[in-house]
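K.L.:
Sequence order for the protein chains is U and R. Using our numbering, read the first sequence as starting at 1 and increasing by one per residue. Using our numbering, read the second sequence as starting at 321 and increasing by one per residue.
These are calculated hints, taken from the structure and not from any lab test. Treat each hint with caution, since some may be false.
[Said to hold, decoys possible] Listed next, the in silico SDA-like pairs over lysine to any residue satisfying Cα-Cα at most 25 Å (straight line):
#1 K401/R to F318/U
#2 K98/U to D33/U
#3 K300/U to E325/R
#4 K139/U to K300/U
#5 K300/U to H399/R
#6 K295/U to P344/R
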Amino acid sequence: MANLLWLQGGACSGNTMSFLNAEEPSACDLVTDFGINVLWQPSLGLELGDQVKAIVEKCISGEIKLDIFVFEGTVINAPDGTGEWNRFCGRPMKEWVKELSAVADFVVAIGDCATYGGIPATAPNPSDSVGLQFLKRDKGGALGEGFAAKSGLPVINIPGCPAHPDWVTQILVAVATGRAGDLTLDEFHRPKTFFSSFTQTGCTRNMHFAYKVSTTAFGQRKGCLFYDLGCRGPMTHSPCNRILWNRHSSKTRAGMPCLGCTEPEFPFFDLAPGTVFKTQTVMGVPKDMPEGVDKKGYIKLTSAAKGAAPAWAEEDIFVV
Amino acid sequence: MDDDETRATIAEMLASGLETEVWPRAGTSEEVNEIVARLQVEAGQDLEKKLVIAGFTDHTIEADEIEQPCETCMYYKVHAKFCELPELMVPVEPEWSCRLWRI
């Protein structure tokens with residue numbers, strides 16, 4: 001049995017909604033098959049007010065062993081570093097977060113807000129929000145760069161806006177069943193099992209990427225979304241096209257450019273007008289290249305690939 | 321007019337000295353957006369205005385040490401020899417160029 005406590009800071013509850021849609025395994029499977037005891041969760045917990053406070057205090061005192069502390073949303077520091085803008089059970093949430101993280105065996109940050117600050121931390125960041133151990137790419141966050149949970153692991157980051165439900169449940173199962181040692185984390189504390197490949201890996205538009213055929217307007221089924229519509233699939237680490245959403249599809253498969261929500265900088269360009277759904281260029285060359293590709297190589301590749309493109313690549317090959 | 325006729329018409333307009341806004345090239349995304357906005361508002365379906373605002377030439381322009389022919393542009397359909405930028409949608413030749421070129 002592994003006790004799990006889930007709290008929310010500066011959050012929209014999107015990750016909770018995502019989590020509740022998990023299928024492999026489902027949220028119920030966590031309890032019935034994998035021995036996870038959910039002490040409290042904002043959308044599932046029956047306790048209110050002082051009852052919740054009692055649970056949290058017992059975790060901190062050690063009366064209840066806290067195996068897994070899950071946090072969703074940013075840690076809010078405003079105003080003036082007090083955290084008073086986000087009070088929970090009579091105190092700033094940031095204080096609960098520090099104390100609970102200190103006693104938990106594992107600390108898991110779910111979603112982009114809890115991992116890196118996400119949308120709330122976009123400049124000018126009025127709520128003075130941070131992630132648990134990062135603010136965007138900068139190490140530190142609410143718990144500090146050197147933080148390690150009692151297990152010895154730093155905060156396990158499962159980013160996404162929201163995180164895919166099965167990423168969440170599969171990591172929780174790994175931790176709860178004593179297989180945390182199998183997890184390797186990347187430099188941003190993301191489990192490599194999910195975040196080594198790219199969103200583009202498995203994208204159904206890859207042949208259009210290969211032949212440099214662009215989607216030029218929303219709704220087109222042909223073409224690649226990277227060239228014009230700002231898709232970040234080639235430089236975003238996520239398994240969105242390997243572990244499909246609702247087991248059926250993904251943003252790019254449905255014609256929606258990847259927004260790069262599993263990367264620390266999300267949302268990119270601070271959401272400046274004209275930067276969303278539009279590939280940013282300098283003299284016609286994309287500002288952000290597919291990972292590992294340089295400008296010179298990109299130009300050479302594009303010229304060659306475009307010249308070799310077969311006629312079918314320019315047409316909508318999907319029929320009803 | 322079909323695409324071949326339109327392409328021939330454009331070629332004639334450019335060859336006969338149609339003054340187009342070749343420079344400055346669209347160096348930044350903001351500049352691209354400005355030109356595209358002008359195409360939407362000022363040009364509409366007017367072919368000549370499209371050519372002028374987009375800065376069409378019947379030869380390849382080099383900018384920032386990069387050659388910018390239609391044939392390597394993302395909006396170019398190789399087999400149809402057609403520019404698919406929604407605001408342009410014109411038949412072109414591979415060696416032509418315009419300042420909205422992107423790769």
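K.L.:
Against this structure, judge whether each hint is valid.
P.N.:
Against the structure, the hints:
1. In summary, the hint linking K401/R to F318/U is supported, as the alpha carbons are separated by about 22 Å, within the 25 Å threshold.
2. Distance check on the hinted pair: K98/U and D33/U sit about 30 Å apart at the alpha-carbon level, beyond 25 Å; violated.
3. Restraint check for K300/U and E325/R: not satisfied, since their Cα atoms lie roughly 32 Å apart, outside the 25 Å limit.
4. Among the hinted pairs, K139/U with K300/U is inconsistent with the structure: their alpha-carbon atoms are about 37 Å apart, more than 25 Å.
5. With a C-alpha separation of about 20 Å, the suggested pairing of K300/U with H399/R holds against the 25 Å cut-off.
6. Between K295/U and P344/R the CA atoms are separated by roughly 22 Å; this keeps the pair inside 25 Å, and the hint holds.
Against the hints set out earlier in the document, violations occur for numbers 2, 3, 4.
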